[in-house]
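Trainee: Listed here are the chains, written in short residue letters.
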Amino acid sequence: MYYPFWDTSLSYGMLMAVISILHVFISHFAIGGGLYLVITETFARKRNDQAMLDYLQRLSKFFLLVTLVLGALSGVAIWFIIGLLNPSATEVLIHHFVWAWAIEWTFFVIEIAAAIVYYYGWQRMSARDHLAIGWVYFGAAWLSLFVINGIITFMLTPGAWTATGNIWDGFFNPTFWPSLFYRTGICVLLAGLYAMVVAARSKDVSLKARTARRNAAFGLIGLAIVVPTFFWYWQAIPGDLIANAQETMPATMRTIWESYLYIVLLVLVLILYGLVMPKRLNMVVAVVLMAAGLGYFGSFEFFRESVRKPYVITDYMYGNTLEVAKTAEYREGGYLAGIEFRTGDDGADLFRHVCRHCHTLDGYKPLLPAFEGVDREFIASMVRGSEAMKGNMPPFMGSSGEALMIGEYLHGRTDNRHLSEIYDVEGVQLGQKVYEVRCGRCHEIGGYNDKSESLIGLDDEDYLDLLDMAGEFADEMPDFTGDDEERAALIEFLKTIGKEQGGAL
Amino acid sequence: MNLPDYNFLSTPLWLITILQILTLTLHLTAMNFLVGGIIVVLWGRLTDRWQTPAVQSLARMLPTATAATITLGVAPLLFVQLVYPRHVYSASIVSAWFWLMIPVAVAVAYYLFYGASFAKNALKRPTLFYTIAGICLLYVSFVYSSVFSMAEHPADVKELYASSQSGLVINSNLSDYVFRWLHILLAAPVVGGFAAGLIGRDDPTAFSVGKKLLLWGMIGTSVFGLFYLLTLGDILAPFMRSPGIWILVPGILLAFAGLHFYFKRRFVPSGLALLASVLAMVTSRHYLRLIHLYYDPRALTIAMPSWTVTPQWSVFVLFLILIVIAILALIWLLRMVFSNRGASQGE
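Protein chains in written order, with our numbering: chain D, 1 to 505; chain W, 1 to 347.
No lab work stands behind these hints, which were simulated from the structure alone. Check each hint, because a few of them may be wrong.
[What the hints assert, rightly or not] Computed list of lysine to any residue pairs in SDA-like fashion (alpha-carbon distance at most 20 angstroms, straight line):
id, chain 1, residue 1, chain 2, residue 2
1, W, K158, D, A337
2, D, K61, W, D5
3, D, K61, W, A107
4, D, K326, W, D5
5, W, K158, D, G338
6, D, K61, W, Y111
7, W, K212, W, R266
8, D, K61, W, V337
9, W, K158, D, R342
10, D, K451, D, A388
11, W, K158, D, K326
12, D, K365, W, S166
If we strip away everything but chain W, and leave its shape as in the complex, we get (with noise of 0.2 angstroms):
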């Protein structure tokens, strides 16, 4: 008998990629704005500005930000599969334990997070609490960037897995991930600092505090993301050849557009620069992230692996018409937080 294949794609690549790339921004977003709310939250309690309305909605807003950066996640880790087909699940295996305490670790955060909203004023050690969710989630993101930077290079996977199946294994190469991780890590504070001028827009003290860590983290970032590039060795060549280069550029400036905005409180174009920033960076990510993988060295060219498409168009439409009908119903809620809001302090 003649058993069905399953090395197909049931719609062509690109079209997985994009959605790969969407919803892979929206994760690092909802990400960065959750550690960047534990930086103002903490802030807030290290500088008895705990009872600013802007630090206490932060702190309520957490639990929410962490089911939205759960949510938006789930989708790249399925996608991943297709577009970078099974580096990230074998680096994984390499750092199975790491890799599984991930959502442990998510699960021991959001709970505290919950703890410090529930228990409100009364809780007596909320800074300990967000202090340990922060650890957590830096803990998370450190063992992303340690196995997703193990995965483009095949070679050093199976050294590694070689050198133990344990799972207990730990991507050595650091100074291929470290400048990687805190990039992305400093994005965090930018993040944050931009909710907390948002949020605080009328706080003159939200509102500075917002810009000062708005600039240090795209500060730091900028120079972690220089010395990451710097780090690229052979692969920095190809780079700058590739489209991933036309995209970075702009994703630079957009980000500095997003800081000027900010300064001129004007938040809506702000926020739209800095997500179109990320949007951007991600992209680029991913052209470097084909570069390690299949890039030719003597055609100069990225060899992409070759896949039969075996459409399924039906079940990809469904998709799209319910991605739609989700979205309406997202709007549709959060239009009855916002009209019940009033209903409810009129009672």
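So here's chain D without its partners, still in its complex pose (with noise of 0.2 angstroms):
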């Protein structure tokens, strides 16, 4: 919390995702492609073939245009984006792996030299000199995702540095060795489809085949390397994550199911496209393949993401950047005297500091619409008990007085009319948006939390008694707080719950 929070309409994930995708899929390409280059020049120099050169001349063009200048540049921006959306987990990693990150800048500086020296020298230099200055950019190229692969692994999995606080505890993490083997089967994978992109252009029918062939064989090679190290890096992530990340937010997790019908496309279209008849290989093809690649990737990245939260840095910090080291101190004085950079309105001030990393009030995750017509009481209460709520956020560990000004805030700036008035409903349809507003966010019916079991079957008499004592319940759970015609139509929607669910809603 030392740090300002820059408070823009975009949402923060958002903001991340858009440029760590772009950089994530251009970074393993760059490697994927610098192995495809030397690999294919070797054999189009052995077998003399002029054509696969030209060809590999092209590629190595765009491939200059594309790593060099968008895969350097995506990787700055990653640095600036990060500083500026979590600045507090930017600077725990900076202080721990300051070295591992210069040693990667030395792999960087080699790998951006040797990919000018490379393009430059196909009409230049000799075979054997160019071939080598091939294989050495595909060196550093890699070197550079090992150490990388290090400090991202280090966040999901940080293993005993959490004990032990030793570097390489933390770089060689339960995750590092099963990341490192699948994201390299990942960059084989995505140059095999780049390159299908562009042989797909070629009018040469005879080369289109050749290419086509070798485009694939890299792509299923690189599938054969992705599966099964998928399942040894679920394997290496402690049981306790994912079967928490299982509980609270089951659709993400079956994105990462759901993923493999890519694979099994990708499979199919490579051995038809590229091993039957790859003189029928066309662009449309070529570009529904790279779609599914990227698409699976991608949705392995989210995965990762996801099964992360709350934490940025897994038992460490969360992703507001509260430390779970200053647990007791928040606990005890408070968030407020943590922030530094105060702006006059303390309410705004820590809904920033803990809720806007994850939410926005009214665009993506948005958070106004989510306390339409309710009380300021109950917005606290769902404050302090946030962590009790589907979607794995961090605990709130501030004081009540703090929740209440948090409450004031969003309260201020929501529809404050009732809910009937907001969305037109009255009796049983009343109760089921209280409901969803007040009760749902914790127990969904049939899904996350439920508690239905407790409320089937109860009289008018218990409901009563239930929804008076509701904050007793736990320590997360709120008072409740609506009006008599919302605790009435609340009831009626209760009575319905088991029920034919038809005739309820």
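Take the two lone chains, each set in its own frame, and fit them into one complex as the hints suggest.
Mentor: Structure representation (structure tokens):
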């Protein structure tokens, strides 16, 4: 909470995703592409295949423009964006890993210089020198992945480091090796898919067939590495992280299984258009392949980001930059004391530092609509109980007064009309809305932390009692602070739970 | 559980500071070469000396110079968080949108350089390309000056942030940084002029244009440097007592030595003197920044924050080995380029 908080209307998650997806795609492609170029060049030189060499030279021009310019700059942009969005986590990483990053930089220097010389060397260099430079490029690029992989995997699975604080424990953490192999497989896959796009444009049918076969081989080898190493990676993630994610984010976790459809599609199309009838390869097929490959890899990255929630560095720092080590300090002294950059509006400052990393007011994952038609106290208790809500949120460790300030801040900005007016509903339908807003975020009927069992078959008296003592069920659970109309409607709705769904809704 | 603390340094601060200063010097030199190169190339366009070999080779070097500038800029960006902890990051958040547009502007300039150099002479509008690229780089340098000078005034950072959290705030204290911005910017014609003279050493026009740029750039940068020094106000006295001044004076002398050697057409000593001058300027700038941040007027000293050092020597030594390997690799690559150059001409 040391740093000022950049309050842009855009979502932090989106900003981060746009830049990192771009960079991750390009940087993996830059490594695999290097391997593709040198291996293919070696074969082409051996067979004196001039058409193939010309094709490679074309490929490498685009390669230079994409990887060198966009790859380097999107990498720099990641530095910029993490410094803006999560300066505290960046600070932690820099203090621990500064020399690892400096090492990565040395590889980066070699990689960039070799890429430039490789491209300019097509016409000007002997075959042997040119190939040697290609290998140096690939080696340096892969080694920079090796280093950065240590830091990325550290954030998900810091492993023994949380006890020892030793950089080598953090670097060679439990997911280091599986992730390294997995990402290497992705590099090979993406290079093969990308080369397919270039091959599809070729007018020389025989050249097209030759390259398509080679590209398909690349793609399939990449997949053959990716599939088993993903399971290895999955095994290496501590079980409680996975279990927690499965409970609080079932939809996210399902996408990883759905992503296997991409793999099936990739395998079938690569075999068909790469090995069976490579001459029929065309742009549409190539683009479908590329999209499927990126879609698959994108869903992996999404999975990795999600499993880590609510942390940015597992067991060490939460997504909103609060430090696990300072839990006692926050609980005793509250948050405000630690916020250095104050704006004069404490509610706003608290809201930013506690919720805004993951939510917006009214954009992506908005909070204003979530709190329409409720009272200030209720919002405050939701803030206090945010850990219990679906979505895997960090615990609230500030004071109740601070929770109330956040409540006030949100309440002052959202629609304060009565729920029945906002949604134009009454009776059971109003009750359903009340349930959604006041209970459903912690107890999904038929889903997350379902409490239907305890809510079925009570009489009016029981329901009234239950709502009266709602706040006593758990620290995180709010008192029922709705008005009498809402209370009556909610009870009407609760009575319908477990009965014929259609009739009630 | 006792979680590892991150408030430590993994090598002594002076080591990190030296690396920060060295890499920043190289970055600024590359940047000045880049901006200076644009000036020369634009001059070539506007005076129909576009076909001059010196102008052509400078134009071809711009994409690579961009790559070098970026690569050399990454390292100081990494170290800055340790050398001036938190200050730069906080200031960048206040100007977040301007800051974030830096890599975008560099990307635009980069593609324009490639666009212009691939299209060679067929291109109809290289003047426009180079002008836009130049504007992009001016933008980048301005935002850097603005954010880094804001970072030197923690109280201003707080005040500016309190005025707006949107990230659309630019350092309003223009008088604090406009001279230093112009001071560093006018080093560009110095380096560009030097490069033009060096590359076109057999072409009298190139040499004399280089000379003009070098001379006027030097005059301009000196004047703005002096203005900058005079606007330091309260900081001037402590600066005059600090090691910064003892480094600044030889830095100025070295710059003039560079000019002198250029006039004598002795390019190697001239280039070395200019480079050493940039190094001296960056170092003295570092002291100035420390005074801004940590000067204690009562004790009349710079009260540096104290750090626990928990060394990671194994990683650091590995880094040293690898930096040597990287330098050897660069030399090897350059030799490859030059040893094969003859071969291609023979073909």
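Trainee: For every hint, state whether the structure bears it out.
Mentor: Each hint tested on the structure:
1. K158/W / A337/D: holds, 16 angstroms
2. K61/D / D5/W: Measuring from Cα to Cα gives roughly 46 angstroms; hence the hint is violated.
3. K61/D / A107/W: holds, 17 angstroms
4. K326/D / D5/W: holds, 11 angstroms
5. K158/W / G338/D: holds, 14 angstroms
6. K61/D / Y111/W: The hint holds at about 13 angstroms.
7. K212/W / R266/W: holds, 16 angstroms
8. K61/D / V337/W: holds, 18 angstroms
9. K158/W / R342/D: holds, 8 angstroms
10. K451/D / A388/D: holds, 13 angstroms
11. K158/W / K326/D: Distance ~24 angstroms between K158/W and K326/D Cα, so the pair is violated.
12. K365/D / S166/W: Roughly 19 angstroms between the alpha carbons, so the hint for K365/D and S166/W holds.
Comparing the model with each earlier hint shows violations of hints 2, 11; every other hint is respected.
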